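**Q** From first to last, the protein sequence lines stand for chains A, B, C, D and E. In our numbering, each residue's number is its place in the first sequence (first place is 1) plus 23. In our numbering, each residue's number is its place in the second sequence (first place is 1) plus 35. In our numbering, each residue's number is its place in the third sequence (first place is 1) plus 1. In our numbering, each residue's number is its place in the fourth sequence (first place is 1) plus 41. In our numbering, each residue's number is its place in the fifth sequence (first place is 1) plus 1026.
Some hints here could point you the wrong way.
To be verified - Okay, the calculated beta carbon distance ranges per label pair:
id, chain 1, residue 1, chain 2, residue 2, range
1, C, GLN109, D, LYS147, 48 to 56 angstroms
2, A, VAL26, D, ASN134, 52 to 60 angstroms
3, C, VAL425, B, GLU539, 36 to 44 angstroms
4, C, VAL425, B, SER622, 19 to 27 angstroms
5, C, VAL425, B, ASP609, 24 to 32 angstroms
Calculated directly from the structure, the hints in this document are not laboratory data. In this text the structure is predicted, and so the values were computed from the model without any measurement. Ideal Cβ positions, reconstructed from N, Cα and C, are used throughout, including at glycine.
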Amino acid sequence: MGVTQILFWFLSALAVISAIMVVASKNPVYSILALIVTFFAISGHYVLLNAQFLAIVNIIVYAGAIMVLFLFVVMLMNLNADSEPPQKNKYILYGGTIAGASLLLVLVAALKQTATADQMVETNVGHIGLIQNLGKILFTDYVFPFEISSVLFLSAMIGAVIISKKEA
Amino acid sequence: MSNTLQIVWLIPFLPLIGFLINGLGRKQLSKTLSGFIGSSVILASFLICVFVFFQVKNGNTAIVHYFDFINTASLKVGFDFQIDQLSSLFLLIITGVGFLIHIYSTSYMHDEESKDFAKFFAYLNLFVFSMLLLVMGGNYIIMFIGWEGVGLCSYLLIGFWFKDNSNNDAAKKAFVMNRIGDFGFLLAVFWLIAKLGTVNYGLHGVASGSEDIGVLTILYSKLSTFDITGITLLLFVGATGKSAQIPLYTWLPDAMAGPTPVSALIHAATMVTAGIYMIARSNILFTMAPFTQCVIAVIGLATALVAATIALQQNDIKKVLAYSTVSQLGYMFLALGVGAYTGAVFHVMTHAFFKALLFLGAGSVIHAMGGEQDMRNMGGLKKHMSITHITFLLGCLTIAGMPPFAAFFSKDQILAAAYESNPVYWVVGVLTAFITAFYMFRLYGMTFLGKFRGTHDQEHHLHESPSAITLPLIILAILSVIGGWIGIPEVFMHGGDRLEAFLEPVFAKSNALVASLHPTHELSHSTEYALMAVSVVGALIAIVYAWNKFSKYQKSTAEETGLGKILANKWYVDEFYNAIIVKPMQSIAGFLNNVVEKKGIDGFVNGVGKAVNYSSRQFRLLQTGQVSAYMLLMVVATLILFIIQLFL
Amino acid sequence: MDPQNISITFPHLLIFVPLLAGLVTFLFKKEATVKYWSLFSCVITLLISLLSLYYSNNKALSGLDFNYVWLPHIGASFSVSLDGMARLLTFLTAVSFPLIITATFKNQYKNSNIFYGLLLLTQAGLMGVFLASDALLFYFFWELAIIPVYFLCSRWGGEKRMAATFKFFIYTFTGSLLMLIGIIYVYLHTAAVHDRAGALISEHSFAISYFYAAELSAPQQNFLFWLFFIAFAIKMPVFPFHTWQPDTYEQSPTAVTMVLSGVMVKMGLFGVIRWLLPMFPQAVLKFDMIVIMLSVIGILYASLIAVRQDDLKRLVAYSSIAHIGLMCATIFTTKQIGMEGVMIQMFNHGINIIGLWIVIELIEKQLGVRKISELSGVAHDAPILTIMLVVIAFANIALPLTNSFVGEFMMFSGLFQFNVWFAVAALISIILAAVYTLNMVQKVFYGQANPLAATIKEISVNEQIALGIIVVAIFVTGIYPQPLFDLTNDTVMQLITKFK
Amino acid sequence: MPINYYIFLALALFSIGVVGVLTRRNAIIIFMCIELMLNAANLLLVAFSKTHEATASLATSGSDAQIFVFFIMVVAAAEVTVGLAIIVMMYRNTHSIDVNFLNRLKN
Amino acid sequence: MNAIIITAVWGIIMMFGGVFFKEKSTPKYWAIGGLIIAIIANCYELVKQETFFTIDIKEMLVFNSFNLTFITIALLCTLLLFLLNGRDIEKVGNNVSEYFALIFFVLCGASIAATFNTLLTLFLGIEILSIPLYILTASDKRNLKSNEAALKYFLMGAFSTGILLMGIAFLYGGNTATPSFYISNLNIGEGKMPIMMAIGLVFVLIAMSFKVSAAPFHFWAPDVYDGAPTVFTSFMTTIVKAAGFIAFIRLFAYSFGNVHAQWQMLIAIITAATLLIGNITAVFQQSVKRMLAYSSIAQAGFMLLSIFAINQFAREGIVLYAAAYSLATIGLFAILIKMNDYTIDGFNGLAKQQPVLAFTATVFLFSLTGIPLTAGFQAKLYMLIAAVKDGHQHWLVILAVLCAAISAYYYFKIIQAIYFKEASSPDNYDWDILPSFKILLIITAALIIIIGLFPTLITDWLHY
């Protein structure tokens, strides 16, 4: 059991536990922090998979930008444990949990006996994940999606503006 | 073919013209005019009938084809008229008696206002037209046209005074009962079509007189005994409807609601004999079906007896005559049943004379009594209305079967034939004859003898009817006296039965058939004499008894009891029918209408709509408005889809 | 759509004259103009159809009369054809509308231009149904004939009109959708269409000849049979699909009721004869018993219910159900004699029932009631009306020398040849018919006139004309039905050969 | 590492996210759980990219998946902007971030 | 290509225009102008098969007569919407030109979703399509209904995005032979597909069903359509949904056409559920707007038949259906917007006060019901032919027509209200109904009837 395995199991455990924290914790702030931990764990996986570019972007965009945005909003509304609306509807509470669990169950059960079970994932080798390669592809082959995603941002921007702008 | 008989289309056509003129112009025409038109057209066609009759007598018979009524690949029905001995004889009776009754009506209906007067004549003409069609029709369908036509006319004429609903009920009853008859008739015709593919009498009528046995073989080859029996029975059902036999006779007495001339013409002289005509027309089939014949004979006898007994207790003068008509018709069916077709036709003729006479006489009486029909309020009319009285008496004697009056010969012929086939028939027949004699003279006695029992103003209105009424009476009286002489039995006079000879061709094949099947022994003269004697003597006794009993009849309010009550209530037949047919039908219909239709079928149809509405209301509740619930449902659905896709 | 086969023929005139006339009618404002215009157009249509009776040669159905390729790549074409039966029924349509308009000429409708416009559109639709020889086209007209009626009924009908009409519409719409599936299914089993050069035009075709030629296995025929039959059964209607009819007849304005009962019910029968029988002979022979049993039950059932009806309209409605039931039963016997009977009966039934409606309309218009129990002795003050009614009533119960006799006679005898007991059961209806018809005549027209009935006036000239024509027609076709037979001979022959 | 481990990990994260989405009522938390689901997908894609890099011939094969992940992040960012804007708007109008608070649209 | 770029660019123009436009009505004319340009450009591409812009997009989008025809229809319908309801868009709020900009972005996204060739472009297209819609839904800021709708739409939309991505991931991973996002590579011949691809397929299927509001993933639709400003509802229920369907059918036809049999059952179930829930629930609705929301679900059920049976008729039919359905619904909403009272009783006696509106509304309703002579009938006909031709699950076809009968039930309730009921309150309409508005409505109705008579006018373009 090499160091990679150990890291893998550690990161996985971290990710899952903190994810559960996100769902479980009463206080939104804790959830956000837990989520950040999760993202770090996932970034760690990326590193293991030698996808350095994505690891970095994940940290920057998700843990950095997005979660901070969340944090801002929560702070703005100063939400905390007692302002948290409790799930009174037991059916939805248990139903939801069971449904999610059984979804996992079904898929795992289905995948147990799949032919791809023995496929191996190349850890910490290969260089497709390196920034230079991805950058090259991104600005050659994927230039169109890259450009068109600007439309996405524009609309998001407009949206943010016209929604949060105070009506004159 | 350029046959002089081509002109026979005129015979029905003239009355039709009369009908149209009177019908369309009933507002404009004066009474005299419409009366004149009505009668003259009948007279005209009567004259033609006479001509035709002599043509036929010289052996010139024909089926005259005018146009194709139905002409398809599956069925060919020509609009044909068949002129032969049988039909020509009936033509004479219909137009002749019809004409007299028209004359009679001109005076009898004179109180009606002119448009109703015209209407009446229109209907009469229409009736004559249909009756002629019935008789002349060259196949069952044309016959059926007339058959229904006369039914319609009788409906219209019974309900002539439609303001009074009881008349309308009577009319409706008549029509519906006839329809029940038609039910049988039509089925028979369908059966014929299905088996023989034709509705002409042709196959078994006089038309193919030449190859007699040939036709029989054809019939036997195509029709099983079952078919023949079935067809003939169904035809007979039709006959019972038209000719008022058990079980469908009850309409005829009610039909007396109509004006008296109508009763005389339709419900005595002509229409009711349609059944006899039809059976005589299809004699071969019937001869081939012994079972049916037996049925007919029994039914006929039963009817004769039952009707006669009922007649014993009736007080309405017309009702009595009506029931006597029914029982006389019973005789005719007896004759048909025992295969004495000539006898039947003979009796039809004589009956036409004397029954018309009696009805018209009764009509004259009623006319004089100012519409009074209850015999208990009559009596002693003989000194007021001599002609009516004489003629009526002659009529009674005739129907009682006194020699040498007409009915004596015809009835004798029937009874003789009955005796031949089965003595029991004869016994009942004679018994009935006695009863007939009795009630006829009860009628005579209560009406003309004794002293007047009506109100005073009635009394001093009493008078002999005008000549337009008496003249037909006289003529008919003469006819009913001498009418029988064309059928004098062998025992009295060799070759005296000219009618038999005349009609021979029509019934030749059946006679041949009968002869071939079971050669009967001819009655010995002695027995025949004996039979006549018995009937005559018995009748005489009945007459005398009745004469004594009712010449001094007093009105008694005493309620009839026992048998008398039952008879007075006509064996409760009407009530019986009500109970077993009319009431159940009404209630079933009600059930279907209120329960099955509304609650059942329609309920179901609307139920579907309601179900949709209801489920709509339920489905809405899925849309709780809560995102969590929505997404939960989505995930559950996802699960299900996964399970289906991956594990099923 | 090559020009050389664009030639205006009778079928087109029959469809387009009422169509255009109807559209034009919407534009008029004055009521009188509207009425005279629509009457005029109806008469024109009648003339056209009379001409078509004479000038188009009497031949069996073939989709080739005129064929404007409509949707080439799915093989639908605007093809119409005028065989004997079509000519008979278009003639019926053409005859009935002038009668209806004449008889109701005095009626006041608000927005009369819309009323008459829709009426004419209905006529166009009916014509289309009878003439179409392309399945898709047939379905088009089948639906289009309903829509105007829907509006007419729910706009100008009685007080419960909306519910009744709604039921009627949904009911028939469901039926026809099922038929649509059937049509599609058969369509997908038709042969491919090629042009003269032999190039493929479309994989399948909606043309009737292709439909007749479609190869369908027995099981396929069986369920297709029901898909089609239910649609037609609802339209006829056959027991137990009939419950929409009495309500609708009762609630509709009488002019529309006449159209419905006189002509529109024939759509169902027509559909069976033109489409159902030739397409699924095996299935027909398989299910004929069931269908005939239903019909016969329906005959007795409707007749019995009619005995208990107090409302004139409902009475006639149920009697109509009984008559239609007889026709349906006879059709499915596929006996030649019966089929011939059905043909002429389709025409005569239309004439008679329109006559009955006219009479009822006249009474209701004058006295405002149509309850039998509230009427009595109408005959005193309206003898002509009475005579007309009596004639029509007796025609309705098939008295000889009136038009229905020959038809019903042959139908019964066809039924008899198929199965004796069905014939016996069905024949009972002639007795029941006599009962309820005479009841009605007696209660309404005879007896002492009650104060209400005493107020009735004799009918006016235009009504007399309408009724007069009907009565004449009754007698003419009753005494000399041969022309009708000759007209429909080809159709019957073509049909029967499929079952020989 | 066998690919299945990654698959199961991703599925686990995904399911946890789903559970959160279903059970929480705080709009923000729900939204975060959705982000969690997205990340699960990302992880899975990257893992697959590596398997394909191993098996497939081309040098660049598998990189498209990582590009895809990149675009997912882009979209996620955009979504967050709009989403938070909407939530804030609602909070401004109702002073609540409870998804069940607004319940006018139903049935 | 033309359409995508022009709409995107014009969206930006509109966005900046917001700064310069003084008049509130100016943006409308600009928008209409831009739309017309886009249409012309697109038609040019459709006819000439060549584009103004030469960009090497690495086959990430394909342009063929099928999706170009659809884009044309979508643009035309949008134009119709602008012409009919331009002034109502102005009423929604202050940021008029931004609304138009967003609509342009939506169109851009719709065009991408309709022409995608890789899952990446599909994903981007759908997102570009959705995100502006969230905003448009929320655009009536003061209105809590609008807020609620926006929140629901957004949360569930994002949720479905997650599902979609999971599906894409599995599709990518399961496809060991030709690992790629190109839909042609996803198509791995006949035979049982690997479990992972099956999982991916189901995930994608669910996500797409969500986008086209197919039951049981339709729950967002009624609330969102009900809560959003009516103009935008009209836009969403028609063009956007149609775009979703085009994406749906292209994906499943090109990628999974060969393994059709393996997922047909799922589609059959979804279709049946959609038909039943959509139609039956619509029956009881009192608000016409909400009723139309459910009816749009019901119509989606009919459109799903095309995906159930992927064949020639289905392809032609879906485009035809998109056109017929969009025209009718836009027209109907245009009339509805003029009402103050959205309940069915609001329509009482419309025939008397506004005959033109009444007549056109009737035509639209006929088309939605599928009465012959209207485009709706032809569309349904194609769908039914497609489904019957497929030859499996005949029960589904029967169910479909029975549901169509039910739909007649609630559509005709409106017709009854219009023609046969007396007006409850006299002033039930904004009386700013211009003649131009009426003329447009009449043109729309005429279009519907013309298409109903000659569907070839549209379908022929598919064979172009």
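**Q** Determine for every hint whether it applies to the structure shown.
**A** Comparing the hints with the structure gives:
no. : hint                                        : verdict
1   : GLN109(C) <-> LYS147(D): 48 to 56 angstroms : holds, 49 angstroms
2   : VAL26(A) <-> ASN134(D): 52 to 60 angstroms  : holds, 53 angstroms
3   : VAL425(C) <-> GLU539(B): 36 to 44 angstroms : holds, 38 angstroms
4   : VAL425(C) <-> SER622(B): 19 to 27 angstroms : holds, 23 angstroms
5   : VAL425(C) <-> ASP609(B): 24 to 32 angstroms : holds, 26 angstroms
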